[in-house]
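Residue numbers (this note's numbering), protein chains in the order written: chain A, 1 to 244; chain B, 245 to 541; chain C, 542 to 753; chain D, 754 to 1142.
These are computed hints drawn from the structure, not numbers from a lab. These numbers were taken from a predicted model, which means no experiment stands behind them. Just so you know, not all the hints are guaranteed correct.
Stated by the list, open to error - According to the in silico footprint, chain B covers these stretches of chain A (three or more CB under 8 angstroms from chain B):
no., region
1, 67 to 80
2, 211 to 218
Unchecked claim - Residues from chain B that keep clear of chain D, each with C-beta distances beyond 10 angstroms, as calculated:
no., residue
3, V352
4, L403
5, V410
As the list claims (entries may be wrong) - Computed cross-link-like contacts, BS3-like style, restricted to lysine-lysine with a CA-CA straight-line distance of at most 30 angstroms:
no., chain 1, residue 1, chain 2, residue 2
6, C, K610, B, K348
7, D, K1076, D, K777
8, C, K649, B, K417
9, A, K47, D, K1017
10, D, K997, A, K47
11, B, K443, C, K668
Each residue gets a CB set at the ideal place from its N, CA and C atoms; glycine is no exception.
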Amino acid sequence: MISSIIYGFFLALLSCCITLNYRIGRFLNLSYGSFFTLGAYISLLCKYETSLILSSVIGFLVGYLMYLTILKFSEDIVDSTLISLGFGIAIEEILRITFRATHVLLTGIEVEYVEILNEKVFVFDLYIFLLSLIFYIALSITLLSSSGLKLKFAEEDCELAEMYGVDVERLRMLVISGSSSIACLCGSILSPMQAIHPAMGWSILVISIMISAISSVFGGIGIRRYLCVLIVSVVYSVVLEVIF
Amino acid sequence: MRFNRFSCILCSVRGDLLIRDLLLVIIVFAPILTQNYSILWISTLSMIYSLLVISWLFMERQSGWTSFAHSIPFGLAAYLLAIYPYAVFIAPLASTALFLTISKLDRVKFVFVTFVLTVVFWLSSFYMVIERNGISIGGEEGFSVLSLYLSESYIFAVLLLISSYVFVRVLEKSSIGLKMAAMRDDEEAARAIGINVFKYRFMNFVISCSIASLSGICYALFFGHVSPDVFSIEVALFPFIATFIAGRAWISAVVGSYILVIVSRVFSGFVPDFHLLIYAIVLIASPKLRRWWGVKC
Amino acid sequence: MLSVKEVCKVYNGVVVLKGISLRVEEREVVGLVGPNGSGKSTLLRIIAGFEKPNCGRIFFMNREITGLKPEKVVKLGISYSFQIPRPFKNLKVIENIAVASLLRFDKKRAFEIAREICELIGLEEDKKAENLSQGELKLLEIARALATKPKLLLLDEPFSGLDVKNTRWVLSEVLKLKRMGFSMMITAHRVKILEDIVDRFIELRGGRIVKG
Amino acid sequence: MRKFVLILLLISILIAGCAQPPKKVVKIGVLIPETGKFSTSGEAMKNAAELALKHVKEEKLTKYDIELIFADCGDTPEKAKSAFATLVAKGVIAVVGAYSSPQVLAVTDSAKETKTIYIATVGSTLALEKKISEGNKYVFRNAYNTTYWGILAAELLKLAKPTSYYFVGYEPLKTFNDGMLKAIKEKTGLEPNETLYYKSPSVSPKDYADKAEELTKIVGNRDIVILGDPGPISVKFLKEYRGKGGKGLLYSVGGVLALPTVLKGANANYTAFQAAALEQTPKTKFTKKYFEDYRKIYGKEANNYAALLTYDAILILAQAIEKSGLDKDKIIKTLESEEFIGAAGYYRFVNHQAVWGSEKLKGVIAEYIGKVEVLYPEEFATSEVVWPE
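Please construct the entire structure, taking both the sequences and the accompanying hints into account.
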């Protein structure tokens, strides 16, 4: 049960980023899974700790590149979505071609676990849980602060927000690159648990889009929306464990 | 003034009939001249997808509802054909019912919910297992259907494509098409002038789903085998990408499908290592392509 | 022709209309006036079938139309033009009008009628609706309402948001309709503007009829 | 006079040069999943195919000059079929490869239609037998069929004599797993204590983990867990299972979890796995040659089921062409009647299906305990089943 809740937080983190991308980035980020994959591959190259830093930096940079492309080429949500899909495929393909593996890759790192309420939980899952917690706290603080108002404004009507001096473009940049870097980081945090191959990010993408879509039906604004995402994903993951 | 109108009609006729429809005819019939198996194969596949795109576009353009779930009528029809052919007609009806139910939500939510549904259908199609004389078939392996020869599938596809193309073109110009267009632009205003919005939405969805199902059937017969891939998100996204690469005219539904199929399938023959990269680049550049086509069509 | 009996409407707790009763006769033009939020538009929308009244009944040509759907109401011969124009913006002006007259005629006839109406009101038929000016849009609204061959026209604030020139234009068009003998209900928040069109005024305040 | 002789000489040399009979080029198409889910195996299959060509030439298996044409069959039946079409257009006489069962089935019909010989090297679906029995004479399969996967598992059960066994399947592969389980029961008469299926991660992201945890609670030290998932999730399952202190012996049906590198990386001790052949099981002269040269040329371990069978398929075709020339019907006749050498053993085709389990063609079961120990077949066995302490 505990591991399910923890997993729920992981899903919430991803889905939240997807939702942010949609609300403020103004597109459905289909490259998200590939960023996760990218992170996992990075962790093959260097020590675990370094890979965490490296992946979050690289994730941010590639995300920024995507943002620039979108800024240059895209005129509406559809363009941006297509571009992100293109980016996703491109990342996977570049990884596939550069690594040229004849089998799934593994980081030789031992999987360690700790006991919480006599249930074994993997350390890496805990890291993710922490990351997600930090993310949520940060998000709540921003949303409840004055800059949160700007965020809501940008969500509801970006033209109007721009007219009232909210730097929407900067927000978009931060959201897109930031979420990319988070996805990348998640990838390398979880890498020891993964069988690493180019297509591994796909299911992550699908599930997080599913969840953000479901929670979007419930709606809500500002912090409410993102808490809704959290609740949905935790419920989702717990319910699944109960059913199956 | 009168002359003006006349010349305008003339040019519209030229634009409408000669150029676009000629292009269609060329695209459809050129492959016969090259007796090349793979070219014929690729163009048959493209035509099947063109059908799907047309069905999707009919809904998107005439009723204003953007669906991410046209893989459902497509796949359902294919699966039913494989499992219980007599029930194929259920596919369009069921999907119509589904779409109508979702259309109780607003148009933005419609997009999301249809996408979720696509994923649900796709994933559950893997669990579609039935017992036939002792051994369980289906699942990831899918089901076998009687398969047509390439030539037969080609002819079948041509017939379906041309007829549905003509059908939508005619319908668009008809009074029904006009009413649908009105409904698309503003449902309340449409009601104010006595258009029964639900009736026309229903009509639109039925037509769209039927064409999609037809393409699904054609697909199944063409491959002689259906697997969960017919429900895949790739299929669901296909019309969307195709039209946004090639523009939103009826003809560009066809052109877009050809472009996509050729880019994603044929390149795998020439540059197996990099064809997906090329695909990616096409996607990234698609806004430009799309605008270019937008001017054309 | 039209009789409204004790109609009331409540929007989540707020009472908008309090037992409105009125009649409109053949070839009569009634002006509904009153400040914003006095319930003029709501009344028209209720008659047109876009809202359901919480109480009261509405009759048209001795037939009850209370709570009928808009598409039914318009078939019976009441047509409504929106306060904020809602054109079918991807269609041409002529198509906008023709689609309305498809309600009663086949396609060929519908376009003939649409053309006539364009000539009458003076709109360019091949212009796309999204490229029209405010004044033209207002007229398009009226034109579309006309195209359904109504017995009673409900014009919701046809003059609001127009400059003097356009107001005069729309006004003259509405006058034409009056001369042609259409029965109409026209809302406006200024009495003056309607003076030379309407036969009588009904003034609403806070959801009650205070005059007429 | 001298000039005349010189010219005559030149002419005669020219004629001699021209008159030399040109060597016949035979094109063989190879379907490889170079992109998508299976791309990792695709890489190995391509290497193996190229190696096969090299060995065909070295061992002079045929007088014809064979040329391989590769096409990417991706991970969908559709891509496979279109790849097949491109190959046919390039005038191949026969095609080998493709990965998943749906791909194989999709390709089968085109094979019949285009009268192109096709040897399926992976897909195990029983639906293929059906298509063959319905008169598709162009299709052969040198891979296991679903039943043989079960038979191999049964062999392990016979060897190890566990107190009881458990079966874990991958739900999307239910048809395959069901067929396998059926065969196990028929062969051994043993019922599994528990049969679990984990869902695809896109449906329930950590279902495999839950199932693994469930098993850790019930599996005993001398039990066997049969894992019917050849895909990458099997590795995650293993990590989860052992990480949470799962006991007993784990038997993987192969695929990802039968590659020494993966087993080492996941330090998957006490994991038994099947393979068509291993370096330790020199069934024919080609076995060692395959493994050694593969390592030499590509610097990687070669045991990949799909790769090995692709290699063998090309060898088989080369021999068939050598025996019967380029006439397709003759080649089919030969394939139906003759015996062919490969790295996995000596192939015979009955009803177009390679006769696995015969004396000369057996699958291999090995166990990983820091190194690979062969358990089956007896003649190559290097150790008994080793149980965890």
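Comparing the hints with the structure gives:
no., hint, verdict
1, 67 to 80, "holds (count 6)"
2, 211 to 218, "holds (count 4)"
3, V352, "24 angstroms, holds"
4, L403, "20 angstroms, holds"
5, V410, "27 angstroms, holds"
6, C/K610 to B/K348, "17 angstroms, holds"
7, D/K1076 to D/K777, "15 angstroms, holds"
8, C/K649 to B/K417, "12 angstroms, holds"
9, A/K47 to D/K1017, "19 angstroms, holds"
10, D/K997 to A/K47, "24 angstroms, holds"
11, B/K443 to C/K668, "29 angstroms, holds"
Consistency with the previously given hints is maintained throughout, with no hint failing.
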